[in-house]
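Chemist: For reference, the chains in residue letters:
There are 2 protein chains.
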Amino acid sequence: MAIKEGIRTGGRSARVQESIHAAIRDLLLEHDRATISVPMIALRAGVTPSTIYRRWGDLTSLLADAAVERLRPDAPINCGNLRDDLQSWTEQYLDDMNSAAGREMMRDVVGSAASCSSKCASIVRDQLQIIVDRALVRGEAAPPAEELVDAIVAPMIYRILYSEAAPTLERMFQLIDNCLDRYR
Amino acid sequence: MAIKEGIRTGGRSARVQESIHAAIRDLLLEHDRATISVPMIALRAGVTPSTIYRRWGDLTSLLADAAVERLRPDAPINCGNLRDDLQSWTEQYLDDMNSAAGREMMRDVVGSAASCSSKCASIVRDQLQIIVDRALVRGEAAPPAEELVDAIVAPMIYRILYSEAAPTLERMFQLIDNCLDRYR
Numbered sequence: 001m002a003i004k005e006g007i008r009t010g011g012r013s014a015r016v017q018e019s020i021h022a023a024i025r026d027l028l029l030e031h032d033r034a035t036i037s038v039p040m041i042a043l044r045a046g047v048t049p050s051t052i053y054r055r056w057g058d059l060t061s062l063l064a065d066a067a068v069e070r071l072r073p074d075a076p077i078n079c080g081n082l083r084d085d086l087q088s089w090t091e092q093y094l095d096d097m098n099s100a101a102g103r104e105m106m107r108d109v110v111g112s113a114a115s116c117s118s119k120c121a122s123i124v125r126d127q128l129q130i131i132v133d134r135a136l137v138r139g140e141a142a143p144p145a146e147e148l149v150d151a152i153v154a155p156m157i158y159r160i161l162y163s164e165a166a167p168t169l170e171r172m173f174q175l176i177d178n179c180l181d182r183y184r
Numbered sequence: 185m186a187i188k189e190g191i192r193t194g195g196r197s198a199r200v201q202e203s204i205h206a207a208i209r210d211l212l213l214e215h216d217r218a219t220i221s222v223p224m225i226a227l228r229a230g231v232t233p234s235t236i237y238r239r240w241g242d243l244t245s246l247l248a249d250a251a252v253e254r255l256r257p258d259a260p261i262n263c264g265n266l267r268d269d270l271q272s273w274t275e276q277y278l279d280d281m282n283s284a285a286g287r288e289m290m291r292d293v294v295g296s297a298a299s300c301s302s303k304c305a306s307i308v309r310d311q312l313q314i315i316v317d318r319a320l321v322r323g324e325a326a327p328p329a330e331e332l333v334d335a336i337v338a339p340m341i342y343r344i345l346y347s348e349a350a351p352t353l354e355r356m357f358q359l360i361d362n363c364l365d366r367y368r
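In order, the protein sequence lines correspond to chains Y and X. The first sequence begins at 1 in the numbering used here and counts up one residue at a time. The second sequence begins at 185 in the numbering used here and counts up one residue at a time.
It should be emphasised that the hints constitute simulated quantities derived from the structure, not laboratory data. The C-beta atom is built at its ideal place from N, Cα and C for all residues, glycine as well. Incorrect hints may have been included.
A short, non-exhaustive set of chain Y residues, derived as facing chain X with CB atoms under 10 Å [said to hold, decoys possible]: (1) 60; (2) 77; (3) 107; (4) 117; (5) 122; (6) 150; (7) 151; (8) 153; (9) 158; (10) 161; (11) 163; (12) 164; (13) 178; (14) 180.
Okay, chain Y solo, but in the shape it has when bound:
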């Protein structure tokens, strides 16, 4: 099925995107990331490779886009206070990012077009904003979400990308407390 027109408009475009994302999800369950190619994805999704190249440019950008789509947030768990909310969110996020799939995703996202990495960063900030807003409604003091990004997310991602070992959960909790201490 060759789709050569109207790729960016209306329901057809959305269906094409969904079929391509679904093809990637399926292929990642069956194959190693390094062996997946644009023609494989196109064949599974029932589109031509040129549809993919025209829309995403290259394989890295396509995989990054699909990964960010999978990242779409559930609302963070509400534990009833800011510190527990942040600990719970951080534990989950560390698990996700430090998994083999998470590390591959980060490399795809960082290596792809800037819009994809900034979409990824804003999903994370939005989740932290939900947690902050809840705390403020409860009457708790809370740092701005941007401060939490620098204090918690940045060290985690830096160390996963640049070190052989991810930070421990204990270290992550200490980083949370360091940041909260400045806003008591």
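Chain Y is fixed; fit chain X onto it per the hints.
Modeler: Showing chain X alone in chain Y's frame:
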């Protein structure tokens, strides 16, 4: 000049590596990063492409290795006190990392073998350790270098990799002060 044996031992190996790194430095002055290929580098360095593939695996890893080599530190400037030393180092590092060459280097390093990114991280930590050691000798209180990595380096690199805009120098100085405040 085909070099097929002894690539990892002795002076010959070091000379080959130096000629390849020099070829990359020259080519980066003349060409856009995206147009540089392994055969171009091999031709300029007077080696066969297979010498490069055998030793570095792929272009990204080779460029990352050469970039880390260029990064080799001069000793950080000594301003006579910890805060000024950190501000001076941070200003220079932000300039380097936020340049077009710095951003390309980061993408190569993050996309390459883990050993290269961890080498890169340890050069940075060693520079901060020099600054911390100087402060302790002066009798100043100082955070461990690892704390400075999390507080200063991680947010800078995260925001350059994931946001459209790098942090401002003003914001970086605020991050330095936040960290120093915990160690007064």
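Chemist: Against each hint, give a clear statement of whether it holds in the structure.
Modeler: Outcome of the hint check:
1. 60: Holds. Min distance 9 Å.
2. 77: violated (24 Å)
3. 107: Since chain X brings a Cβ to about 6 Å from residue 107/Y, closer than 10 Å, the hint holds.
4. 117: holds (5 Å)
5. 122: holds (9 Å)
6. 150: holds (4 Å)
7. 151: holds (8 Å)
8. 153: holds (7 Å)
9. 158: holds (4 Å)
10. 161: Constraint on residue 161/Y satisfied, holds at 5 Å.
11. 163: holds (6 Å)
12. 164: holds (5 Å)
13. 178: holds (7 Å)
14. 180: violated (12 Å)
Figure legend: structure checked against the earlier numbered hints; hints not met, in rising order: 2 and 14.
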